[in-house]
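**Q** Quick note: the sequence shown, position 51, residue 65 per this note's numbering, numbers continuous.
These aren't lab readings, by the way, just hints derived from the structure by calculation. Idealized CB from N, CA, C, for every residue including glycine. Heads up, some of the hints might be wrong.
Beta-carbon label-pair distances, calculated as ranges [what the hints assert, rightly or not]:
(1) Tyr-20 - Asp-73: 29 to 39 angstroms
(2) Tyr-16 - Cys-58: 32 to 42 angstroms
(3) Gly-62 - Asp-32: 10 to 20 angstroms
(4) Gly-28 - Gly-56: 11 to 21 angstroms
(5) Cys-58 - Arg-79: 29 to 39 angstroms
(6) Lys-69 - Ile-94: 14 to 24 angstroms
(7) Asp-43 - Glu-86: 15 to 25 angstroms
(8) Asn-90 - Gly-56: 11 to 21 angstroms
(9) Glu-86 - Leu-55: 16 to 26 angstroms
(10) Leu-41 - Glu-86: 16 to 26 angstroms
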Amino acid sequence: MYFISYNDIIELNGILQDQGLHFRIHLRDACGKQSCWIEPLGNCACEGHFDDMYKIVNDFFAGKRISIEYDESKLNFWIIK
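Given these sequences and hints, build the entire structure.
**A** In structure tokens, the structure reads:
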């Protein structure tokens, strides 16, 4: 099973920043199950850019052959395989 590293989060946040997307990804580690949460950095700055951010996040993990799943709010996600 793949474990998300702090370097993965740093790299992903760098990609989002380079693309001018005002979101930050955070890593949680709780009792053997990692999850991440997405922090929008301001309502106006993020409005209309969620799809672009999701594409970058999905492509980033797909490039590592990792599938992720989002919760109902689509602000939390975790590895499913």
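**Q** Looking at the structure, which of the earlier hints fail to hold?
**A** Structure breaks hint 1 only.
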